[in-house]
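**Q** Listed below are the residues making up each chain.
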Amino acid sequence: MKTSKFQADLASTDEITLNVLMKELEVRSKADFLAKALALMNWAVKERKRGNKIVSMDEQGEVIRELVTPELERVASDFELPSVSMTWTASEIESFAKLASEEQPKPTPQLVRAMNRRR
Amino acid sequence: MDMFVRKLDPTDATGAFDCGDAAMNEYFHRYAKKNQGHLFGVTYVCILPPSHLIGFYTIANTTIPRAGIPDELLRGLPKYQDLPAILLGRLAVDRRAQGKKIGELLISHCFDVCLQMTTICGARYVITDAYQSAGAFYEKYGFRRVQGSANPGTIKMFLDLKVVRAAIDLRGKEGIAH
Chain E
1 MKTSKFQADL
11 ASTDEITLNV
21 LMKELEVRSK
31 ADFLAKALAL
41 MNWAVKERKR
51 GNKIVSMDEQ
61 GEVIRELVTP
71 ELERVASDFE
81 LPSVSMTWTA
91 SEIESFAKLA
101 SEEQPKPTPQ
111 LVRAMNRRR
Chain B
1 MDMFVRKLDP
11 TDATGAFDCG
21 DAAMNEYFHR
31 YAKKNQGHLF
41 GVTYVCILPP
51 SHLIGFYTIA
61 NTTIPRAGIP
71 DELLRGLPKY
81 QDLPAILLGR
91 LAVDRRAQGK
101 KIGELLISHC
111 FDVCLQMTTI
121 CGARYVITDA
131 YQSAGAFYEK
141 YGFRRVQGSA
151 NPGTIKMFLD
161 LKVVRAAIDL
171 RGKEGIAH
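Chains as they are written, first to last, in this note's numbering: chain E, 1 to 119; chain B, 1 to 178.
If we strip away everything but chain E, and leave its shape as in the complex, we get (with noise of 0.2 angstroms):
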């Protein structure tokens, strides 16, 4: 397999959390490590671009936390914005339309306040 080398400046801190995990997890050096976690935000970044979101459940299921970045955000799937969208039902139309053909009762006197509180 072809590699690639590179180098990296860590604040001093981040080295101490790097070290230290790398012990947790038993990793033996810097490059498998940072494998693991490139593949660690692949499958949150692909999970994001599904509309799924990362979070931590505990043994019943609930969800205690949800990982929110504005990295992730940034490729969050379009369909989970909101939908501009209205659905109709044929009730919904039907009403819609006959009050709509109705004369337009006068405006109230909370809108003609409203219209003119600013003019």
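Don't take each hint at face value.
[Claimed, not checked] Lysine-lysine pairs mimicking DSS-like chemistry, simulated, CA-CA at most 25 angstroms apart: (1) K33/B <-> K53/E; (2) K2/E <-> K30/E; (3) K7/B <-> K101/B; (4) K36/E <-> K49/E; (5) K53/E <-> K36/E; (6) K23/E <-> K36/E; (7) K7/B <-> K34/B; (8) K33/B <-> K46/E; (9) K33/B <-> K7/B; (10) K36/E <-> K2/E; (11) K49/E <-> K34/B; (12) K36/E <-> K5/E; (13) K46/E <-> K36/E; (14) K101/B <-> K106/E; (15) K101/B <-> K140/B; (16) K162/B <-> K101/B; (17) K53/E <-> K34/B; (18) K34/B <-> K46/E; (19) K33/B <-> K49/E; (20) K100/B <-> K7/B; (21) K162/B <-> K106/E; (22) K140/B <-> K98/E; (23) K140/B <-> K106/E; (24) K140/B <-> K100/B; (25) K162/B <-> K140/B; (26) K5/E <-> K30/E; (27) K23/E <-> K5/E; (28) K98/E <-> K162/B.
Since the hints were derived computationally from the structure, they do not count as laboratory data.
Got chain E; can you put chain B on it based on the hints?
**A** Quick look at chain B alone, frame taken from chain E:
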């Protein structure tokens, strides 16, 4: 300084807003800017200087389906196209600012924007899919309840923008200071 309403800016900090409704909060915290970036809807915010966001509303274009409306019920309305309207998708006020007529400030700003839009692209109605509990708020400003919702928690309501225009015309006649 007086509060004012302006378009949501990408640099605005939306995270502290809390209207007491989790769905509304989540929309404002996470989706309002994104929605606006995608041109799906535009959000306007009420600012308490220097930079507190104390209310917002989001609007977008929509249509009311023409199919299914009997011709005899469409007197004066076009029979060949869906009816153009503006969707007032969301409107909410921060809990700490409720009871101070911020909702009225936002809705009047919304109506002004809607009237401007009617001069650019045409729209006859403002539509909202309101929580049942918010129905009375919208009724105060002339919205009418549409019956037949499939969702028991919400109700569609509409307001003819000609009624809004008439409200502005009434200004002098009813002696309102301006």
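**Q** Hint by hint, say whether it matches the structure.
**A** Hint check results:
1. K33/B <-> K53/E: 19 angstroms, holds
2. K2/E <-> K30/E: Holds. K2/E to K30/E sits at ~17 angstroms (cutoff 25 angstroms).
3. K7/B <-> K101/B: 19 angstroms, holds
4. K36/E <-> K49/E: 20 angstroms, holds
5. K53/E <-> K36/E: 20 angstroms, holds
6. K23/E <-> K36/E: Given that 25 angstroms is the threshold and the Cα spacing comes to 14 angstroms, the pair holds.
7. K7/B <-> K34/B: Within the cut-off at roughly 14 angstroms; holds.
8. K33/B <-> K46/E: 22 angstroms, holds
9. K33/B <-> K7/B: Distance of about 10 angstroms is within 25 angstroms: holds.
10. K36/E <-> K2/E: Holds: K36/E and K2/E sit about 17 angstroms apart, inside 25 angstroms.
11. K49/E <-> K34/B: 15 angstroms, holds
12. K36/E <-> K5/E: 16 angstroms, holds
13. K46/E <-> K36/E: 15 angstroms, holds
14. K101/B <-> K106/E: 22 angstroms, holds
15. K101/B <-> K140/B: Holds - the C-alpha atoms of K140/B and K101/B are around 13 angstroms apart, at most 25 angstroms.
16. K162/B <-> K101/B: The given pair, whose Cα atoms are some 24 angstroms apart, holds under the 25 angstroms limit.
17. K53/E <-> K34/B: 17 angstroms, holds
18. K34/B <-> K46/E: The hint holds at about 19 angstroms.
19. K33/B <-> K49/E: OK: K33/B and K49/E at ~18 angstroms, within 25 angstroms.
20. K100/B <-> K7/B: 21 angstroms, holds
21. K162/B <-> K106/E: 10 angstroms, holds
22. K140/B <-> K98/E: 21 angstroms, holds
23. K140/B <-> K106/E: 12 angstroms, holds
24. K140/B <-> K100/B: 16 angstroms, holds
25. K162/B <-> K140/B: 16 angstroms, holds
26. K5/E <-> K30/E: 12 angstroms, holds
27. K23/E <-> K5/E: It holds: about 23 angstroms lies between the C-alpha atoms, which stays within 25 angstroms.
28. K98/E <-> K162/B: With Cα atoms ~17 angstroms apart, K98/E and K162/B stay inside 25 angstroms; holds.
The structure fails none of the hints (numbered hints given earlier).
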